[in-house]
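Respectively, the protein sequence lines represent chains A and B. Using numbering that gives the first Met the number 0, the letters of the first sequence correspond one by one to residues 0 to 509. Using numbering that gives the first Met the number 0, the letters of the second sequence correspond one by one to residues 0 to 464.
These are computed hints drawn from the structure, not numbers from a lab. Using N, Cα and C, we set each Cβ at its ideal position, and we do this for glycine too. Among the hints, erroneous ones may be present.
Cut-off 30 angstroms, straight-line C-alpha distance, at most; resulting in silico cross-link-like pairs (DSS-like, lysine-lysine) [as the list claims (entries may be wrong)]:
{"id": "1", "chain 1": "B", "residue 1": "Lys138", "chain 2": "B", "residue 2": "Lys158"}
{"id": "2", "chain 1": "A", "residue 1": "Lys79", "chain 2": "B", "residue 2": "Lys138"}
{"id": "3", "chain 1": "B", "residue 1": "Lys39", "chain 2": "A", "residue 2": "Lys79"}
{"id": "4", "chain 1": "A", "residue 1": "Lys79", "chain 2": "B", "residue 2": "Lys232"}
Residues from chain A shown here face chain B by an in silico Cβ test under 7 angstroms; the list is partial [said to hold, decoys possible]:
{"id": "5", "residue": "Arg29"}
{"id": "6", "residue": "Glu82"}
{"id": "7", "residue": "Ala84"}
{"id": "8", "residue": "Gln85"}
{"id": "9", "residue": "Ser88"}
{"id": "10", "residue": "Val114"}
{"id": "11", "residue": "Lys115"}
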Amino acid sequence: MNSRVKKILLLLLVVPLLFAASRIQDSLNRDRAALGLTIAEPLQNAPPMLAFTTVALGGFRGLISNFLWIRANDLQQDDKFFEAAQLASWITDLEPHFSQVWAYQGWNMAYNISVKFKDFSDRWRWVNNGIELLRDNALRYNPDDVLIYRELSWFFQHKMGQNLDDANLYYKEQWAIAMSGFFGLDGTNIVDLLEPGNTNAIVLREKYKLDPAFIKKVNDQYGPLDWRLPESHAIYWAMMGLAKADEHPDKIKKDDPMMLRREVFQSMQEAFRHGRIISNPFNEGAELAPNLDIIPKVNDAYLQMMAESSAGDSNHVANAGYKNFLRDAVYFLWENNRLPEARKWFKYLGERYSDRPILENDPTSLPKNLTLDDYAFARVQQDVGETSQERITAVIQGMILLGYLDLVIGQNNRAAGYQMKAQLIYDRYQQKWAKDMERLQLPPMDKLKREVLNDMLDPKNDRIPFAGRAVLRTQLGLPAETTNSVAPFAMSTNMAPPTASNTNGVKQTH
Amino acid sequence: MQKILAITWLTWKAAVRFKLFLVIAALLVAAVVGLPLVIKDDGTAQGFTQIILTYTLSVATGLLGISTLWLSCGTLARDIEECQIQVVATKPVARWQIWLGKWLGIVSLNAVLLLIAGGCVYGLLQWRATRLPPAEQVKLRSSILVARGSAREASQDAKIEADTREVLTRRVKQNPEITRLSEADKAEVIRQISEQVKAVYQLVPPAYTRVWKIDLGFAKDSLRGKPLQLRIKFNNANDYQPTTYMGAWLVGDATSKNVWRSEPMSLASQTFHEFEIPPDLFNDQGILTISFYNPNRTALLFPLDDGLEVLYPEGSFALNFLRGLAVIFCWMALLAALGLAAASFLSFPVAAFFSMAMLALVFSSGTLAETVAEGTVGVGNEEKGIAGHSAFDVLVIPLFKGIVAVTDLTKTVSPIDSLSTGRMITWSQLWSAFSQVVLLLGGIFAIAGIALFYRRELATAQGTQ
Numbered sequence: 000m001n002s003r004v005k006k007i008l009l010l011l012l013v014v015p016l017l018f019a020a021s022r023i024q025d026s027l028n029r030d031r032a033a034l035g036l037t038i039a040e041p042l043q044n045a046p047p048m049l050a051f052t053t054v055a056l057g058g059f060r061g062l063i064s065n066f067l068w069i070r071a072n073d074l075q076q077d078d079k080f081f082e083a084a085q086l087a088s089w090i091t092d093l094e095p096h097f098s099q100v101w102a103y104q105g106w107n108m109a110y111n112i113s114v115k116f117k118d119f120s121d122r123w124r125w126v127n128n129g130i131e132l133l134r135d136n137a138l139r140y141n142p143d144d145v146l147i148y149r150e151l152s153w154f155f156q157h158k159m160g161q162n163l164d165d166a167n168l169y170y171k172e173q174w175a176i177a178m179s180g181f182f183g184l185d186g187t188n189i190v191d192l193l194e195p196g197n198t199n200a201i202v203l204r205e206k207y208k209l210d211p212a213f214i215k216k217v218n219d220q221y222g223p224l225d226w227r228l229p230e231s232h233a234i235y236w237a238m239m240g241l242a243k244a245d246e247h248p249d250k251i252k253k254d255d256p257m258m259l260r261r262e263v264f265q266s267m268q269e270a271f272r273h274g275r276i277i278s279n280p281f282n283e284g285a286e287l288a289p290n291l292d293i294i295p296k297v298n299d300a301y302l303q304m305m306a307e308s309s310a311g312d313s314n315h316v317a318n319a320g321y322k323n324f325l326r327d328a329v330y331f332l333w334e335n336n337r338l339p340e341a342r343k344w345f346k347y348l349g350e351r352y353s354d355r356p357i358l359e360n361d362p363t364s365l366p367k368n369l370t371l372d373d374y375a376f377a378r379v380q381q382d383v384g385e386t387s388q389e390r391i392t393a394v395i396q397g398m399i400l401l402g403y404l405d406l407v408i409g410q411n412n413r414a415a416g417y418q419m420k421a422q423l424i425y426d427r428y429q430q431k432w433a434k435d436m437e438r439l440q441l442p443p444m445d446k447l448k449r450e451v452l453n454d455m456l457d458p459k460n461d462r463i464p465f466a467g468r469a470v471l472r473t474q475l476g477l478p479a480e481t482t483n484s485v486a487p488f489a490m491s492t493n494m495a496p497p498t499a500s501n502t503n504g505v506k507q508t509h
Numbered sequence: 000m001q002k003i004l005a006i007t008w009l010t011w012k013a014a015v016r017f018k019l020f021l022v023i024a025a026l027l028v029a030a031v032v033g034l035p036l037v038i039k040d041d042g043t044a045q046g047f048t049q050i051i052l053t054y055t056l057s058v059a060t061g062l063l064g065i066s067t068l069w070l071s072c073g074t075l076a077r078d079i080e081e082c083q084i085q086v087v088a089t090k091p092v093a094r095w096q097i098w099l100g101k102w103l104g105i106v107s108l109n110a111v112l113l114l115i116a117g118g119c120v121y122g123l124l125q126w127r128a129t130r131l132p133p134a135e136q137v138k139l140r141s142s143i144l145v146a147r148g149s150a151r152e153a154s155q156d157a158k159i160e161a162d163t164r165e166v167l168t169r170r171v172k173q174n175p176e177i178t179r180l181s182e183a184d185k186a187e188v189i190r191q192i193s194e195q196v197k198a199v200y201q202l203v204p205p206a207y208t209r210v211w212k213i214d215l216g217f218a219k220d221s222l223r224g225k226p227l228q229l230r231i232k233f234n235n236a237n238d239y240q241p242t243t244y245m246g247a248w249l250v251g252d253a254t255s256k257n258v259w260r261s262e263p264m265s266l267a268s269q270t271f272h273e274f275e276i277p278p279d280l281f282n283d284q285g286i287l288t289i290s291f292y293n294p295n296r297t298a299l300l301f302p303l304d305d306g307l308e309v310l311y312p313e314g315s316f317a318l319n320f321l322r323g324l325a326v327i328f329c330w331m332a333l334l335a336a337l338g339l340a341a342a343s344f345l346s347f348p349v350a351a352f353f354s355m356a357m358l359a360l361v362f363s364s365g366t367l368a369e370t371v372a373e374g375t376v377g378v379g380n381e382e383k384g385i386a387g388h389s390a391f392d393v394l395v396i397p398l399f400k401g402i403v404a405v406t407d408l409t410k411t412v413s414p415i416d417s418l419s420t421g422r423m424i425t426w427s428q429l430w431s432a433f434s435q436v437v438l439l440l441g442g443i444f445a446i447a448g449i450a451l452f453y454r455r456e457l458a459t460a461q462g463t464q
């Protein structure tokens with residue numbers, strides 16, 4: 000056989016050998032991962048340049064990575080952040096499977112770098128950079144790593160959701176603006192996203208890595224949630240982490256599922272306290288209010304948490320928090336004029352903690368000694384904390400004012416709650432302090448209401464815009480505004496009856 | 000001079016013949032144009048400009064630095080090894096002229112390459128700036144694409160020293176035992192008193208206001224109608240991590256209408272913050288009065304050296320950029336001298352290795368400086384408070400001190416850092432760079448290199464081809 004034929008045969012032999020090697024490679028990689036023989040698994044989903052770099056640099060990756068860490072640290076100490084995103088990108092690219100590296104870099108951006116800026120828009124950019132690093136890059140290379148899911152959930156729950164950062168309202172606003180396009184103006188529209196070919200769903204999946212089907216699952220389990228708020232997303236990512244932990248029980252640490260469940264539970268707590276956005280079209284502002292519809296779900300989450308925490312600190316924390324949650328649930332429901340539910344939960348609170356005081360600093364406040372009204376008044380008094388005639392008058396008028404403002408923006412239930420609260424304070428004060436002393440008596444309730452209403456409706460005062468005054472007049476059944484018009488003296492100033500349809504999209508479940 | 004220029008011309012011809020000039024020029028242009036496409040910025044026009052400036056100039060400096068060392072080692076060492084130098088040396092040209100001619104050739108080559116790279120960077124920045132919205136352009140041209148000077152509070156050192164002496168005198172009267180302390184203990188007592196006195200000047204207690212009076216000097220006349228910037232930083236003793244505090248600023252004469260009040264600001268500790276203040280808030284004497292009110296429950300400390308600085312536009316970016324390139328050029332001139340000096344007595348590979356080792360030494364001068372500050376190369380135990388010690392300290396520490404002193408001469412100004420933060424590189428800084436880096440250090444290498452080259456027996460070298 001001449002050499003030319005030999006060469007051709009050898010070249011032909013290369014093809015099946017390469018094919019065979021490629022078939023074996025997959026199985027070798029699987030075995031390598033299963034047996035824990037190496038932590039440098041081949042990169043999935045990586046661009047060719049990155050895949051090549053990670054292989055070509057071999058052990059030198061660590062050295063280069065160290066150098067970049069040092070540079071990043073030095074620059075950060077000198078308050079030079081313009082390189083931070085690039086350095087973080089290189090560091091994580093060099094150690095793509097090292098989830099702690101991703102977690103640290105994301106946390107550094109969202110927590111350390113962000114607060115170094117005085118402008119809230121700059122801070123938000125860095126919080127968002129941290130989220131994007133984990134969500135868009137870390138999960139791309141580590142789709143099953145529960146640590147990344149936990150960190151993402153934490154950013155939403157703690158950095159954006161809580162009020163530890165002065166800019167937290169700005170973060171919430173920016174996130175709500177971004178999410179409104181997908182979930183509608185009330186943040187609850189999920190049905191449309193589930194339709195095949197829905198463009199919003201595609202963008203949501205591609206840009207924000209959110210799966211509408213999983214969103215529905217989370218919403219069914221813990222909702223109805225307002226998906227414009229960070230807590231809902233904290234629950235989503237924690238639930239996603241739990242799903243991954245179930246899929247790969249061999250790849251997780253013992254505490255991982257508990258930590259993720261705790262994320263869900265804490266986010267539920269936060270969602271209960273401020274999980275509803277109330278928009279004010281007249282001043283283009285918004286405020287956060289409790290999401291009372293998820294009380295049963297939050298209750299379930301507490302019970303599950305307490306059942307799963309075998310003993311020790313977490314159990315104690317959950318128990319203490321549970322009582323506070325029930326107390327707040329009753330009070331918030333009462334405040335929002337949802338009295339049947341308030342009674343139901345007050346009864347449950349009494350049964351659950353029959354031998355413990357339910358008011359702070361009052362050891363006699365056992366459930367059997369209090370009615371719902373007693374309890375609500377005591378909570379109001381704790382909130383108000385005043386007994387002077389002048390201050391009480393101001394507090395009552397403040398509540399009347401808030402009630403009217405709620406009527407303007409269609410929050411009739413809460414408006415009725417304020418009315419009730421004002422009346423309760425009024426009645427209790429008159430009974431307790433002014434019953435036998437005429438000089439301590441408050442002016443008649445109607446007079447207090449009329450003063451507030453006249454002040455609000457007077458166009459000269461310009462307390463609320465014309466459109467707002469028109470809404471208020473309609474709600475109260477007053478005639479349309481004329482020049483110098485104020486509330487007619489004999490006109491009733493009672494609130495309009497609460498309705499289920501005008502509560503800004505929050506569905507009544509009870 | 001003609002002979003030197005002839006050698007310079009030969010060096011240029013060699014660089015072109017070996018395609019070195021073309022390759023380096025192409026690499027520089029590719030880096031400058033390509034980097035913006037792959038770099039990840041922080042999402043702002045300002046950040047993008049800063050990172051482009053930093054990375055493109057760093058890459059240009061790095062590429063030129065390596066090629067300069069390589070070329071300077073190669074051009075002389077290979078000429079000797081390949082016996083070409085024998086042809087030149089037999090001509091009526093002195094060896095110092097050969098050496099200087101080669102240095103000038105490499106340096107002029109660098110000048111042209113640096114101008115090409117600098118021109119590309121400058122053009123790229125200006126082109127990108129013009130594509131920004133007008134508001135962003137104004138912001139960029141007032142903070143980055145500008146040469147800003149700075150003014151600080153007059154030094155308080157004399158006052159602090161006087162107050163320290165006064166407190167010490169009082170203490171000695173109360174407790175005469177102090178005079179009997181050892182010299183080291185006395186020094187420690189004085190240091191502690193000085194720190195306490197300094198704290199009074201730096202601290203802003205809760206609900207207190209601190210006032211700075213900054214003299215803008217001669218710059219005041221050129222600053223009429225121009226907004227200025229405040230660069231501030233404060234610390235809090237309790238913070239391990241940056242924490243935000245509220246603060247309110249009042250700039251100008253509080254008794255007149257010519258005053259600016261800030262909105263309450265949420266500011267992080269341990270961080271520099273820059274913000275703009277309206278123009279013309281200083282008085283006729285050029286004194287700018289700045290007050291800070293601390294509404295927090297904790298005291299805040301504004302360091303005397305960098306707690307508050309007023310930044311003002313002092314010159315154009317173009318001229319500043321040119322001065323920055325000139326400083327980089329000075330470094331290249333030094334590297335050329337280093338490479339040639341090494342090649343004057345070493346073969347090409349050894350000369351290249353030696354030059355790189357020297358460069359590595361300069362880059363690790365920070366570590367050397369730390370060792371000098373600690374006073375030992377031994378490892379101590381911080382937790383137990385045990386200082387390190389090594390038998391080599393007697394030799395090594397003075398050596399490190401010498402190296403740090405020499406390398407410090409090359410660090411008179413950091414042009415890339417100054418350009419990326421819009422800070423002025425002054426003519427005096429440029430002169431310092433030139434005199435220390437080129438004349439002094441470059442001169443030492445040149446004298447050593449020429450002396451060694453004179454003593455080298457060129458005819459002993461055997462041709463490799």
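ask   = With a cut-off of 7 angstroms, does the beta carbon of Arg29(A) approach a beta carbon of chain B closely enough for the hint to hold?
value = Where the cut-off is 7 angstroms and the nearest Cβ of chain B is about 33 angstroms from Arg29(A), the hint is violated.
ask   = Was the hint right that Val114(A) lines chain B, CB cutoff 7 angstroms?
value = holds (5 angstroms)
Hinted contact Lys115(A) with chain B - closest CB pair below 7 angstroms = holds (4 angstroms)
inquiry  = Tell me if the interface restraint on Glu82(A) is satisfied: Cβ within less than 7 angstroms of some Cβ in chain B.
reply    = holds (6 angstroms)
inquiry  = Can you confirm whether the C-alpha distance between Lys79(A) and Lys138(B) stays at or below 30 angstroms?
reply    = Given pair Lys79(A), Lys138(B) holds - Cα atoms ~18 angstroms apart, limit 30 angstroms.
request  = Under 7 angstroms, Cβ to Cβ, is where Ser88(A) needs to be relative to chain B, so tell me if that hint holds or is violated.
outcome  = Ser88(A) check passes; min Cβ-Cβ to chain B is 5 angstroms, inside 7 angstroms.
request  = Sort out whether Lys79(A) lies within 30 angstroms of Lys39(B), counting only the CA atoms.
outcome  = holds (15 angstroms)
ask   = Regarding the hint that Ala84(A) lies at the interface with chain B, is the smallest CB-CB distance below 7 angstroms?
value = holds (5 angstroms)
inquiry  = Between the alpha carbons of Lys138(B) and Lys158(B), is the straight-line distance 30 angstroms or under?
reply    = violated (39 angstroms)
query = Keeping to a limit of 30 angstroms between CA atoms, is the pair of Lys79(A) and Lys232(B) held or broken?
reply = holds (14 angstroms)
query = Can Gln85(A) be said to touch chain B, with a Cβ gap under 7 angstroms?
reply = Holds - the Cβ of Gln85(A) comes within 7 angstroms of chain B, reaching about 5 angstroms at its closest.
In this structure, the earlier hints numbered 1 and 5 are contradicted, and the remaining ones agree with it.
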